[in-house]
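If you're matching them up, the sequences are chains D and H in order. Plus 887 on top of the position in the first sequence (first one is 1) and you've got our numbering. Plus 204 on top of the position in the second sequence (first one is 1) and you've got our numbering.
If you're looking for bench data, these hints aren't it; they were derived computationally from the structure. The reader is advised that the hints may include incorrect statements.
Stated by the list, open to error - Cross-link-like lysine-lysine pairs, in silico, BS3-like; alpha carbons within 27 Å at most:
{"#": "1", "chain 1": "D", "residue 1": "LYS1024", "chain 2": "D", "residue 2": "LYS990"}
{"#": "2", "chain 1": "H", "residue 1": "LYS287", "chain 2": "D", "residue 2": "LYS1035"}
{"#": "3", "chain 1": "H", "residue 1": "LYS512", "chain 2": "D", "residue 2": "LYS1204"}
{"#": "4", "chain 1": "H", "residue 1": "LYS360", "chain 2": "H", "residue 2": "LYS343"}
{"#": "5", "chain 1": "D", "residue 1": "LYS1193", "chain 2": "H", "residue 2": "LYS247"}
{"#": "6", "chain 1": "H", "residue 1": "LYS312", "chain 2": "H", "residue 2": "LYS592"}
{"#": "7", "chain 1": "H", "residue 1": "LYS360", "chain 2": "D", "residue 2": "LYS1005"}
{"#": "8", "chain 1": "D", "residue 1": "LYS1187", "chain 2": "H", "residue 2": "LYS512"}
{"#": "9", "chain 1": "H", "residue 1": "LYS493", "chain 2": "H", "residue 2": "LYS447"}
{"#": "10", "chain 1": "D", "residue 1": "LYS1054", "chain 2": "D", "residue 2": "LYS1005"}
{"#": "11", "chain 1": "H", "residue 1": "LYS343", "chain 2": "D", "residue 2": "LYS1035"}
What the hints assert, rightly or not - Footprint (simulated), chain H over chain D, 3 or more residues, beta carbon under 8 Å:
{"#": "12", "stretch": "965 to 972"}
{"#": "13", "stretch": "1057 to 1066"}
{"#": "14", "stretch": "1189 to 1200"}
Built from N, CA and C at the ideal position, the CB exists for glycine as well.
Listed below are the residues making up each chain.
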Amino acid sequence: MRELPTLARYPFLADTRQYIKDHGPAITDLLHDLLYERARLTSIERLDNALSDSDVGERSLATDADCIMEILSYPLARMVTVCISDPYFQRRYALGEAYHTYKYLLTEPTSFLSAVAKELGLSVHYTPETRLRLFFKDYLRYAPTTYKEWKMVNREVAGGYIALSHKDLARVVQETLRARINTELSGRPCDEDVNRIFMEDIRRLQTILQQRQRRQDAVPVGKLHPEHLPPCMTDLLAATQAGENVPHMGRFALVAFLNSLKLSPTDILKLFSTAPDFEEEKSRYQIDHITGATSSTSYKCPGCDKMRTYGICPTEKMDGLCRRTRHPLNYYSAKWRQEKKQ
Amino acid sequence: MMGGDSSQAFLRDAFEAFYRSHPVELPDRFTRREFAFLMFGGKGMLRHLGFERREQFQDFLEERAPQHAYYSSAYYQAPSAPKMQDKKWMGAELIFDLDSDHLPGAEKMTYVESLAVVKREFQKLVEEFLLGDLGFSEKYVSLYFSGGRGYHCHVKDPTILDLDSSERRELVDYITARDLQDSLIFHERVTARRSYGTQEFASGTSLQMPSPQEAGWKGRISRGIIEIVEEITRSDSPMEKLKEYGVKEKDAERLVQELSEERVRRIRGGMLDQSKAIRKFFLNSALRKTAVSLSAGETDEPVTCDVKRLIRLPGSLHGKTGLRVVPIAIDALERFDPLRDAVVLPDTPVRIQIPSELSVRMKDESFTFSPGEHEVPLFLAAFFLGRKQATLQEPNP
Ligand code: SF4
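Make the full structure from the sequences, and use the hints.
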């Protein structure tokens, strides 16, 4: 079993779960007992930090009590996130936990990093004598290959494994953890008890989210009506705004789509700027390229068939209108007409 | 074209006879696959078919004798559902489709020449990338002659069946060297320093190539560059060699001049501190030499990225050549000759009309035909008829 501070820093590890099982309180005590008030407060701190800094934040882990409260705040934060039931917030929270882990992992010995990676299901090879290497399948899935320097072609690949630095593997672990938290929380039902205890904070966070949404709607971005967006574009926009690693083609389709709606590159940039890892220059470059501001051609948004080929049409979210249209742009204008009729 | 219908009927009968005596082995987990066919004389594709039992499938082949047979590289929960989204995708083989259609200059080549060029690309793909860099085990890598103008590779390693389209796209980018950044491959090395008082400056830098042994594209580019240098310097007429590489006369002259012995020595030693033109030439040529050129599907996108793709069924006959989609053992690829090893139809004599001179080498035998009526073995007739290079000679009334 690892040391208590380690468990507190990495609350997603199996060791930590085991610790809670063996030594933690019953769930009702965790929710009601005054003893755990601090864990409950910390869980909300995690959420607030995730929303404001995309990092759940660091707290003192000097004493055993510090560590235990930190450990217990993790499952609580997850339960509250489920009750807030906002896809954007959930993504944001997952990123906050994952980024927090990334920062800690940078300071750890490589052997520890590699053990954590393995626990998250990544195929990593590491011995003190050899370089860190990651199985290419895991690399494809979790490395941010939308960036040039992350493309496999610019990496050392041999025998199915890709050589990585400590920092790069930490980044891949971050993505893996983010994806994992996202899947774990998606579709989970909100616990009524949790909902009642944290009612006030849940309401507060929901209000903040609504205000943000409203402010964003108010941003004079061309004539974009988010409620008319087809499911594919809603997803792509949400993922981009949450700073997720959107596949190249997805980014491309989204920018081309928005451009067709007469949004200027600056408007599009503004829309994307909520992403926590937003890099203005890089995005500007990509947007200008796709919209034709810097290249001679402006690209067209692909049709539904092509979107499906690239796996960026969320087929499980397709609605009746989707089935009747063959192009995301047609969906958008059809939605307009539908609305006017009503 | 005269006799078009009868040619089609003739081919159909030949296919039927073949399928009756040569059962086609089904792909693994065939009940999870979609099948599709084009029929002789039929309009449009017969799609969304599923087969529950082997006999059903064999009966279908024998009774319908399709012109072309395809199956889905994907596994589905409900392969015969008519709508793609209802099929419920479970995973898909990783497919590489190399076809001569897209090769630059393929229009000017004969069928045999273009197939030879595709084979070289295919060998690169399999040896360098799939078995090499990506480390797939040979048991998961199956190679096929497509029956037409190229080769197919199916990778069935269970760990990669669930790769999504953008992950496959990244693999394609790797194999085709798209977005390769030379700044990440070559680095400047300071070769001389000069000091002014207490300050030191780099007064000479040189562009260092990675060692040829390095992993991935780094080593590959270096190996490519060194190979090209050797080829040019060893050649009796370096100018001609350069032109083969697509260098224009004037540039070639300059390059030959600039490639002094000293410079060649430096390149072999890993220094690429050459003039910009030379550097660019080497980098581009090395890329072209070592990267794989992949075919694009209807969407201009390599077939590999499409996770719901139909692909020609191994063991079936190709309706435009009469050749069979045969498996090729990895170590037999070098020796593989499609016009010998994929010829499976019998040699029963058939009378055909040939409108203009034709020559072809099939089954290790050379055939040349002047325009007119000829009696030829059935496999040859099928090849010409399928490619519309001949028509069936109607029996005299
Ligand atoms: S069907 Fe077309 S419009 Fe609807 S989600 Fe898919 S790609 Fe978008």
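The hints, checked one at a time:
no. : hint                  : verdict
1   : LYS1024/D - LYS990/D  : holds (24 Å)
2   : LYS287/H - LYS1035/D  : violated (37 Å)
3   : LYS512/H - LYS1204/D  : holds (19 Å)
4   : LYS360/H - LYS343/H   : holds (9 Å)
5   : LYS1193/D - LYS247/H  : holds (24 Å)
6   : LYS312/H - LYS592/H   : holds (18 Å)
7   : LYS360/H - LYS1005/D  : holds (24 Å)
8   : LYS1187/D - LYS512/H  : holds (23 Å)
9   : LYS493/H - LYS447/H   : holds (15 Å)
10  : LYS1054/D - LYS1005/D : holds (16 Å)
11  : LYS343/H - LYS1035/D  : violated (33 Å)
12  : 965 to 972            : violated (count 0)
13  : 1057 to 1066          : violated (count 0)
14  : 1189 to 1200          : holds (count 7)
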